[in-house]
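Make the full structure from the sequences, and use the hints.
Next come the chains, spelled out residue by residue.
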Amino acid sequence: MSDQSPQANPPLIRVKDLKTHFPIKKGLLRRQVGSVKAVDGVTFDIARGETLGLVGESGCGKTTVGRSILRLVEPTKGEVTFDGRAVREENTRDLRSLRRRMQIVFQDPYGSLNPRMKIRSILEEGLILHRMGDERDRLEQMKQALERTGLSATVLERYPHEFSGGQRQRIAIARSLVLKPEFLVLDEPVSALDVSIQAQVINLLEELKQELGLTYLFISHDLSVVEYLADNVAVMYLGQIVESAEVNQLCQQPLHPYTLALFSAVPSVEVKSRRQRIVLTGDVPSPSQPPVGCRFHPRCPLAETVCREVEPPQVDLAGHRFHCHVASRELERCGGDVGKTSKAIQAAITAVYSDSNEPYSAV
Amino acid sequence: MAAQLLEIKNLVTAFHTSEGRVPAVDGVSLSIKRGRTLGLVGESGCGKSVTAMSILRLVSSPGRIESGSITFTTESESIDLVTAAEKQLRKVRGGCIGMIFQEPMTSLNPVFTVGDQIAEVVQLHQKVSRAEARSRALEMLHLVRVADPEQRLDAYPHQLSGGMRQRVMIAIALACEPDLIIADEPTTALDVTIQAQILELLEDLRSRLGTATLLITHDLGVVAETCDDVAVMNAGRIVEQAPAVELFSHPLHPYTKGLLQARPNVDTRDRSPLATIPGMVPAPQDFPSGCRFHPRCSYVREPRCDAEPPTLREVSSGHFVRCHFAEEIDS
Numbered sequence: 001m002s003d004q005s006p007q008a009n010p011p012l013i014r015v016k017d018l019k020t021h022f023p024i025k026k027g028l029l030r031r032q033v034g035s036v037k038a039v040d041g042v043t044f045d046i047a048r049g050e051t052l053g054l055v056g057e058s059g060c061g062k063t064t065v066g067r068s069i070l071r072l073v074e075p076t077k078g079e080v081t082f083d084g085r086a087v088r089e090e091n092t093r094d095l096r097s098l099r100r101r102m103q104i105v106f107q108d109p110y111g112s113l114n115p116r117m118k119i120r121s122i123l124e125e126g127l128i129l130h131r132m133g134d135e136r137d138r139l140e141q142m143k144q145a146l147e148r149t150g151l152s153a154t155v156l157e158r159y160p161h162e163f164s165g166g167q168r169q170r171i172a173i174a175r176s177l178v179l180k181p182e183f184l185v186l187d188e189p190v191s192a193l194d195v196s197i198q199a200q201v202i203n204l205l206e207e208l209k210q211e212l213g214l215t216y217l218f219i220s221h222d223l224s225v226v227e228y229l230a231d232n233v234a235v236m237y238l239g240q241i242v243e244s245a246e247v248n249q250l251c252q253q254p255l256h257p258y259t260l261a262l263f264s265a266v267p268s269v270e271v272k273s274r275r276q277r278i279v280l281t282g283d284v285p286s287p288s289q290p291p292v293g294c295r296f297h298p299r300c301p302l303a304e305t306v307c308r309e310v311e312p313p314q315v316d317l318a319g320h321r322f323h324c325h326v327a328s329r330e331l332e333r334c335g336g337d338v339g340k341t342s343k344a345i346q347a348a349i350t351a352v353y354s355d356s357n358e359p360y361s362a363v
Numbered sequence: 001m002a003a004q005l006l007e008i009k010n011l012v013t014a015f016h017t018s019e020g021r022v023p024a025v026d027g028v029s030l031s032i033k034r035g036r037t038l039g040l041v042g043e044s045g046c047g048k049s050v051t052a053m054s055i056l057r058l059v060s061s062p063g064r065i066e067s068g069s070i071t072f073t074t075e076s077e078s079i080d081l082v083t084a085a086e087k088q089l090r091k092v093r094g095g096c097i098g099m100i101f102q103e104p105m106t107s108l109n110p111v112f113t114v115g116d117q118i119a120e121v122v123q124l125h126q127k128v129s130r131a132e133a134r135s136r137a138l139e140m141l142h143l144v145r146v147a148d149p150e151q152r153l154d155a156y157p158h159q160l161s162g163g164m165r166q167r168v169m170i171a172i173a174l175a176c177e178p179d180l181i182i183a184d185e186p187t188t189a190l191d192v193t194i195q196a197q198i199l200e201l202l203e204d205l206r207s208r209l210g211t212a213t214l215l216i217t218h219d220l221g222v223v224a225e226t227c228d229d230v231a232v233m234n235a236g237r238i239v240e241q242a243p244a245v246e247l248f249s250h251p252l253h254p255y256t257k258g259l260l261q262a263r264p265n266v267d268t269r270d271r272s273p274l275a276t277i278p279g280m281v282p283a284p285q286d287f288p289s290g291c292r293f294h295p296r297c298s299y300v301r302e303p304r305c306d307a308e309p310p311t312l313r314e315v316s317s318g319h320f321v322r323c324h325f326a327e328e329i330d331s
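Note that the protein sequences, when read in sequence, are chains H and B. Heads up: the first sequence begins at 1 in the working numbering, then just goes up one per residue. Heads up: the second sequence begins at 1 in the working numbering, then just goes up one per residue.
What the hints contain is simulated information worked out from the structure, not anything from laboratory work. Since the structure is predicted, the reported quantities are computational estimates derived from the model, not experimental observations. Each hint should be verified, as a subset may be incorrect.
Said to hold, decoys possible - Just a sample of chain H residues kept apart from chain B, beta carbon distances all over 12 Å, derived: (1) 206; (2) 225; (3) 265.
Unchecked claim - Under the rule of at most 25 Å between Cα atoms (straight-line distance), these lysine to any residue pairs were calculated in the SDA-like manner: (4) H/209 <-> B/110; (5) H/209 <-> B/159; (6) H/25 <-> B/159; (7) B/257 <-> H/266; (8) H/26 <-> B/110.
C-beta: ideal position from N, C-alpha, C; glycine also.
Quick look at the structure:
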């Protein structure tokens with residue numbers, strides 16, 4: 001998502017038309033009867049040293065995107081390039097060396113650390129696997145990684161159950177740092193933590209990024225955290241990116257009705273600013289049978305006939321990309337002014353809600 | 001009719017474990033007026049859920065309510081839920097007080113249809129036939145805006161989405177038209193757009209049915225958007241209590257301030273490091289001496305803070321805070 005031309009500074013991560021489908025098998029012969037299209041045509045770049053925030057509701061495929069990049073699940077189609085190397089074409093051995101450079105931190109620090117292993121073994125496992133240094137070097141590396149995450153070397157001889165959630169997440173981060181990666185997939189790294197501990201881990205992640213020049217794919221459903229950490233944001237809905245832009249651009253002038261709804265749904269502590277809340281009706285449809293046309297149309301307050309029939313093409317306005325028939329028409333009407341278009345769409349949604357008899361649709 | 005629907009006084013609930021007595025709730029006093037919403041906020045392990053469980057006396061062994069009183073005043077009578085007989089309590093649970101739990105998947109029974117589970121409550125509390133209970137269940141599903149309620153009545157919990165399940169939980173809690181609903185993290189397991197739906201629903205039902213609500217959550221945003229009054233809990237005690245507008249515009253306790261500052265502020269888009277509360281949430285078996293927040297407090301003043309436990313005192317009308325130096329910190 002960098003604005004520079006790809007020749008000048010090739011992005012560290014390039015994802016092109018990535019599709020990851022999971023087969024649904026039924027019957028005695030386990031014949032495939034359909035597929036869950038968890039990721040269905042996702043494209044983005046992440047420049048070195050940048051953070052891309054990937055947001056969306058549960059089941060939209062954001063975690064699968066992260067795992068597909070590392071090939072922890074095998075993508076069905078599409079290209080993933082890491083530093084010029086096609087991740088999908090690497091054989092097992094080369095993939096392993098690539099994986100040292102790209103690591104992942106999982107959501108649940110209670111589930112991602114083996115309770116029967118000491119912290120030493122948890123941290124050392126990767127180093128041994130990648131044949132990095134002898135025993136003394138390894139210990140040194142582990143100490144450094146722990147120190148960076150705000151822990152002392154005394155934790156090495158202890159077990160995961162002795163630590164609180166925040167400490168465990170630090171250990172999980174240390175585990176990925178020990179291999180000196182360049183790219184980290186952070187899959188909801190603070191969602192399981194208490195508010196006061198969340199802030200500590202967020203600050204830590206930001207510090208590490210600055211010090212080590214890391215590149216992040218930050219996956220989260222928490223928009224306030226993403227807004228704080230990300231340089232660029234991509235909003236996912238049912239396996240596809242519906243809108244993406246530079247963070248301030250996206251937050252201040254969102255164009256896709258789904259993005260607008262998502263932002264308005266985040267509860268704010270500002271009592272005086274009880275904002276206009278856009279409450280979407282219904283649930284996210286099943287990714288095994290996504291709606292035809294625009295995937296968001298069954299829940300979209302602005303859906304029109306064309307939305308039910310034709311998949312909206314991507315519109316790219318100097319890096320602000322979106323897929324929406326209504327927004328692209330409005331944009332044309334507003335003469336390409338994004339700010340004006342954003343306001344027009346917001347107004348249109350509000351008008352829909354105040355016209356309907358639904359007593360609770362607008363506050 | 002008394003103004004206070006529920007009045008908790010000096011509630012102490014402790015767990016007797018092999019490591020000794022663990023006071024999860026240590027002298028909590030709260031009151032909820034008819035038709036009002038009280039938000040109880042705090043981090044994990046602060047005792048907010050145990051407080052909720054104590055109200056319905058659902059704390060199981062080795063936990064025990066050791067002292068205090070919980071007075072629940074209905075139109076006809078006033079009962080102390082701490083000393084009430086089991087038989088009387090059974091009428092209260094699900095009858096005058098409904099409960100919504102956090103995990104809609106684990107709190108619904110997977111082997112019964114949702115219709116049966118709603119009808120069960122109705123049949124337990126009211127003298128109605130099976131058919132009447134079933135039609136009441138259908139009515140409730142309509143009320144909580146489940147799509148196609150006729151079909152959903154015979155659906156099993158696994159066939160429903162998280163938001164739908166939470167709607168069913170709300171239907172069960174509301175089936176007997178309770179005076180009070182205790183909602184323990186009702187939206188924590190849900191996505192933001194679904195959370196918005198459920199919060200709207202609760203708000204709408206409250207204004208139509210006049211049900212008072214005790215909303216337990218760790219999310220200050222949820223409280224700010226839905227509650228009339230707020231109580232902040234830390235380490236088994238209430239540290240600050242005030243009307244919502246007052247608390248969010250003028251927080252006094254360092255813990256409340258810390259919690260508010262630790263959230264990334266969406267409105268200012270400030271990228272400077274977040275203010276953090278250092279250290280960890282203490283476990284109930286090793287609550288610190290004196291003020292229980294003092295090891296994490298940035299305004300701490302020895303020796304008073306670690307020696308003398310502060311009391312909850314009223315600093316301005318309706319605004320209570322448990323801190324020795326609240327006024328000085330404020331100015």
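Cross-check of the supplied hints:
1. 206: The claim is violated: residue 206 of chain H sits with its nearest Cβ about 7 Å from chain B, within 12 Å.
2. 225: The claim breaks: residue 225 of chain H does not keep its Cβ more than 12 Å from every Cβ of chain B (closest is about 6 Å).
3. 265: Given a closest Cβ separation of 4 Å, the condition is violated.
4. H/209 <-> B/110: violated (45 Å)
5. H/209 <-> B/159: Cα-Cα ~43 Å, so violated.
6. H/25 <-> B/159: Distance ~19 Å between residue 25 of chain H and residue 159 of chain B Cα, so the pair holds.
7. B/257 <-> H/266: holds (20 Å)
8. H/26 <-> B/110: holds (23 Å)
Against the hints set out earlier in the document, violations occur for numbers 1, 2, 3, 4, 5.
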